[in-house]
Amino acid sequence: MTDTPPAASAPPKPRNFFSALEIDTRLLGMIGAFVVICLVFNFLTEGRFMTPRNLFNLTIQTASVAIMATGMVFVIVTRNIDLSVGSLLATCSAMMAMTQTWFVPDWLGFGLNNPATMPIAVVVGILTGLLIGAFQGWLIGYLAIPAFIVTLGGFLVWRNVAWHLTKGQTIGPLDENFQLFGGINGTLGETWSWIFAVVAIIGSLYALIQSRRTRVAHEFPVKPVWAEALIGAIIAATIIGFVAILNAYEIPTARLQRIYEARGEILPEGTIAGYGIPISVLLLILIVIVMTIVARRTRLGRYIFATGGNPEAAALAGINTRLLTVKVFAIMGMLCAISAIVASSRQTFHSNDIGTLDELRVIAAAVIGGTALAGGMGTIYGAVLGALIMQSLQSGMAMVGVDAPYQNMVVGSVLVLAVFIDILYRRRTGDRT
Amino acid sequence: MTAPLVEMRDMVKSFGGIKAVDHVTIDLYPGEVVGVLGHNGAGKSVLMKMLSGALQRDSGEIYINGEKATINNPRDARNYQIETIYQYLALADNLDAASNLFLGRELMSPTGFVNDAQMEAETRKILARLNPNFRRFHTPVAGLSGGQRQSVAIARAVYFNARILIMDEPTAALGVQETQMVAELIEQLKSEGIGIFLIDHDIHQVKMLCDRANVMKNGQLVGTVKVDEVSEDDMLGMIIAGKCPANAIPGPGALQTA
Numbered sequence: 001m002t003d004t005p006p007a008a009s010a011p012p013k014p015r016n017f018f019s020a021l022e023i024d025t026r027l028l029g030m031i032g033a034f035v036v037i038c039l040v041f042n043f044l045t046e047g048r049f050m051t052p053r054n055l056f057n058l059t060i061q062t063a064s065v066a067i068m069a070t071g072m073v074f075v076i077v078t079r080n081i082d083l084s085v086g087s088l089l090a091t092c093s094a095m096m097a098m099t100q101t102w103f104v105p106d107w108l109g110f111g112l113n114n115p116a117t118m119p120i121a122v123v124v125g126i127l128t129g130l131l132i133g134a135f136q137g138w139l140i141g142y143l144a145i146p147a148f149i150v151t152l153g154g155f156l157v158w159r160n161v162a163w164h165l166t167k168g169q170t171i172g173p174l175d176e177n178f179q180l181f182g183g184i185n186g187t188l189g190e191t192w193s194w195i196f197a198v199v200a201i202i203g204s205l206y207a208l209i210q211s212r213r214t215r216v217a218h219e220f221p222v223k224p225v226w227a228e229a230l231i232g233a234i235i236a237a238t239i240i241g242f243v244a245i246l247n248a249y250e251i252p253t254a255r256l257q258r259i260y261e262a263r264g265e266i267l268p269e270g271t272i273a274g275y276g277i278p279i280s281v282l283l284l285i286l287i288v289i290v291m292t293i294v295a296r297r298t299r300l301g302r303y304i305f306a307t308g309g310n311p312e313a314a315a316l317a318g319i320n321t322r323l324l325t326v327k328v329f330a331i332m333g334m335l336c337a338i339s340a341i342v343a344s345s346r347q348t349f350h351s352n353d354i355g356t357l358d359e360l361r362v363i364a365a366a367v368i369g370g371t372a373l374a375g376g377m378g379t380i381y382g383a384v385l386g387a388l389i390m391q392s393l394q395s396g397m398a399m400v401g402v403d404a405p406y407q408n409m410v411v412g413s414v415l416v417l418a419v420f421i422d423i424l425y426r427r428r429t430g431d432r433t
Numbered sequence: 001m002t003a004p005l006v007e008m009r010d011m012v013k014s015f016g017g018i019k020a021v022d023h024v025t026i027d028l029y030p031g032e033v034v035g036v037l038g039h040n041g042a043g044k045s046v047l048m049k050m051l052s053g054a055l056q057r058d059s060g061e062i063y064i065n066g067e068k069a070t071i072n073n074p075r076d077a078r079n080y081q082i083e084t085i086y087q088y089l090a091l092a093d094n095l096d097a098a099s100n101l102f103l104g105r106e107l108m109s110p111t112g113f114v115n116d117a118q119m120e121a122e123t124r125k126i127l128a129r130l131n132p133n134f135r136r137f138h139t140p141v142a143g144l145s146g147g148q149r150q151s152v153a154i155a156r157a158v159y160f161n162a163r164i165l166i167m168d169e170p171t172a173a174l175g176v177q178e179t180q181m182v183a184e185l186i187e188q189l190k191s192e193g194i195g196i197f198l199i200d201h202d203i204h205q206v207k208m209l210c211d212r213a214n215v216m217k218n219g220q221l222v223g224t225v226k227v228d229e230v231s232e233d234d235m236l237g238m239i240i241a242g243k244c245p246a247n248a249i250p251g252p253g254a255l256q257t258a
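If you're matching them up, the sequences are chains U and Y in order.
Residue numbers for the first sequence, in this note's numbering: 1 to 433.
Residue numbers for the second sequence, in this note's numbering: 1 to 258.
Keep in mind that a hint or two might mislead.
As the list claims (entries may be wrong) - Using C-beta positions, here's what the derived DEER-type ranges look like:
| # | chain 1 | residue 1 | chain 2 | residue 2 | range |
| --- | --- | --- | --- | --- | --- |
| 1 | Y | K125 | U | Q347 | 53 to 61 Å |
| 2 | Y | N73 | U | I293 | 28 to 36 Å |
| 3 | Y | K125 | U | G189 | 28 to 36 Å |
| 4 | Y | P252 | U | L143 | 36 to 44 Å |
As the list claims (entries may be wrong) - Using 25 Å as the maximum straight-line C-alpha spacing, the simulated SDA-like pairs for lysine to any residue come out as follows:
| # | chain 1 | residue 1 | chain 2 | residue 2 |
| --- | --- | --- | --- | --- |
| 5 | Y | K125 | U | P221 |
| 6 | U | K223 | Y | S109 |
| 7 | Y | K19 | Y | N79 |
| 8 | Y | K125 | U | R297 |
| 9 | U | K223 | Y | Q56 |
Hint data in this document are derived by calculation from the structure and do not stem from the laboratory.
A virtual CB, placed ideally from N, CA and C, is assigned to each residue, including glycine.
All chains should be modelled from the sequences, with the hints used to inform the complete structure.
If you want it as structure tokens, here you go:
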């Protein structure tokens with residue numbers, strides 16, 4: 001056994017196209033899978049799949065599961081699992097529904113649709129998720145009860161806590177401002193969507209340039225300039241395309257008319273307005289950014305991955321792995337609450353069955369997105385793409401007219417297949433983790 | 001003579017009914033390499049883990065530079081500049097060299113985020129000194145050879161200015177050349193006045209690297225010898241039978257001869 005001889009001598013030779021770009025091949029694979037799914041369903045539905053309307057719906061259907069999937073990445077990376085997210089979502093949803101229909105309007109006497117209602121409900125929901133998540137994390141981290149058991153218990157407990165709180169009733173309609181998080185009832189509109197696009201493009205290009213500057217300052221090897229420029233162009237084009245599609249979904253004239261009437265104006269002849277980015281999707285984008293920063297740029301994120309890679313090494317390095325478990329599950333709980341906002345406002349009421357089976361969708365999204373159940377590996381964007389792939393499969397099949405039982409059979413098989421492909425991929429790249 | 005760098009007095013640690021470490025007293029002086037020998041289960045790793053903070057002692061006292069030290073966890077030990085290189089390389093396989101080197105002590109940027117670029121630069125600097133062939137700064141350490149992984153572990157101790165270094169079979173996973181590299185490194189650290197506890201099974205290596213050696217058996221100290229004054233067979237006799245040669249300082253675990 002000797003040291004590997006220097007593989008790359010000082011200035012790296014020009015490499016092939018993809019290695020020069022240094023793009024994660026797994027990411028490419030997932031984007032490829034998504035594109036294939038879109039094209040196949042578009043063909044089968046004679047062009048109905050890739051319409052602005054359907055793609056818009058796809059984004060708002062994905063948001064709730066995708067938000068929770070970002071948290072599930074941390075949970076699975078630390079070698080845990082959370083089976084309780086769907087039930088926790090229901091409890092948070094029940095708490096928020098009660099806050100906005102009983103507590104604030106009646107007990108506090110604020111009346112219906114008071115501007116204070118929405119923020120109060122959101123705070124109540126997030127606190128609920130945070131506390132329950134932290135409590136489950138404490139059971140797992142400090143009392144050493146396996147996560148599978150704690151959250152299996154939580155799966156049964158929290159759904160029925162929600163039932164108990166609401167006495168099994170459906171609660172609605174929810175507060176008008178709260179419903180803005182529901183997707184179609186709250187969008188940015190065309191102008192603000194383009195402003196968002198500009199800000200997003202400037203932000204990502206700035207981040208690219210900044211990271212290159214840092215590497216140059218430290219005299220580290222950098223990508224060729226054309227590769228950086230190409231990546232920047234791809235990001236910008238993606239953002240523009242995304243916003244253009246969402247803006248192209250037009251608000252029906254009857255609805256526009258109501259909006260104008262509510263303002264006391266008359267709808268000018270021939271007015272056309274697009275929906276733009278749904279607020280729920282904006283929320284998802286913000287969460288993805290924050291969670292990615294936590295994963296890559298904070299101590300907490302570093303410790304989450306270190307603990308997943310080697311718990312003993314992490315403990316020997318002085319990391320408090322028990323407290324870390326509490327934090328990870330508290331984050332998961334908070335994200336369940338945010339998903340509860342999106343899910344309940346999307347259906348405009350709270351119901352007992354809200355979030356049913358979401359735990360499985362969320363875990364599947366994270367796993368399809370490349371999160372390894374053995375721990376230590378996973379990405380936030382992967383989990384979101386995983387959620388998007390599953391949702392597009394499901395709604396595509398629904399559009400084609402596949403019955404629900406067959407849909408589930410396909411989604412189940414895809415989950416297993418995706419993990420198998422991932423295993424093959426890792427074997428080939430010699431990636432042991 | 002100056003106060004010892006480390007003195008562990010009357011250390012005791014039990015697991016259930018088994019005394020893993022049974023009233024052991026040993027010391028270490030600056031610039032000295034002291035071997036800790038014994039069979040598997042003799043208690044040498046447990047003894048060292050009480051110094052590195054990975055285990056808490058039942059009783060006994062630790063003195064650093066003559067002053068009583070409180071070591072209850074790995075962070076305490078680090079504050080006394082005690083660094084450990086573990087037998088099964090305490091590295092997170094999924095992280096790269098820099099993240100491992102700074103694990104638990106990340107360099108932060110003024111904005112409060114981990115400063116990866118700075119950490120990579122420091123890692124490149126120190127590894128250029130310890131292992132000039134090291135090139136793979138962006139791969140998870142799982143993909144590195146045993147020697148490369150060991151150089152990351154050693155770099156960690158060196159970077160943070162260890163005064164006291166505990167090495168638990170540092171060459172067990174290494175080839176001949178890499179073992180040579182580690183041996184040279186130990187000489188270098190020694191010349192810088194660092195005290196090293198070396199847990200090892202290889203008597204030959206102990207003879208080569210150590211100044212003194214403590215032999216343990218069944219949790220007790222058999223005795224302490226100066227390695228130059230005894231033969232390899234003498235040391236083997238201590239390890240296997242607990243029999244002290246005449247020029248050893250016998251401990252409570254020494255075989256009582258009539």
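Status of the hints after comparison with the structure:
Evaluation of the 53 to 61 Å hint for Y/K125 and U/Q347 yields a pass: the beta carbon distance comes to about 58 Å. The hinted window of 28 to 36 Å between Y/N73 and U/I293 holds, with their beta carbons roughly 29 Å apart. At about 53 Å, the beta-carbon gap between Y/K125 and U/G189 misses the expected band of 28 to 36 Å. In this structure the supplied range 36 to 44 Å holds for Y/P252 paired with U/L143, their Cβ-Cβ distance being about 39 Å.
Distance restraint check for Y/K125 and U/P221: the Cα-Cα separation of roughly 15 Å lies within the 25 Å cut-off, and the hinted pair is therefore satisfied. Annotation: proposed proximity of U/K223 to Y/S109 holds, straight-line Cα distance about 24 Å (limit 25 Å). With a CA separation close to 28 Å, the supplied pair Y/K19 and Y/N79 exceeds the 25 Å bound. For a cut-off of 25 Å, the pair hint linking Y/K125 to U/R297 stands: about 22 Å separates their Cα positions.
Of the supplied pair hints, the one linking U/K223 and Y/Q56 is violated, its CA atoms being roughly 49 Å apart against a limit of 25 Å.
The structure does not agree with the numbered hints 3, 7 and 9 stated previously, though it agrees with the rest.
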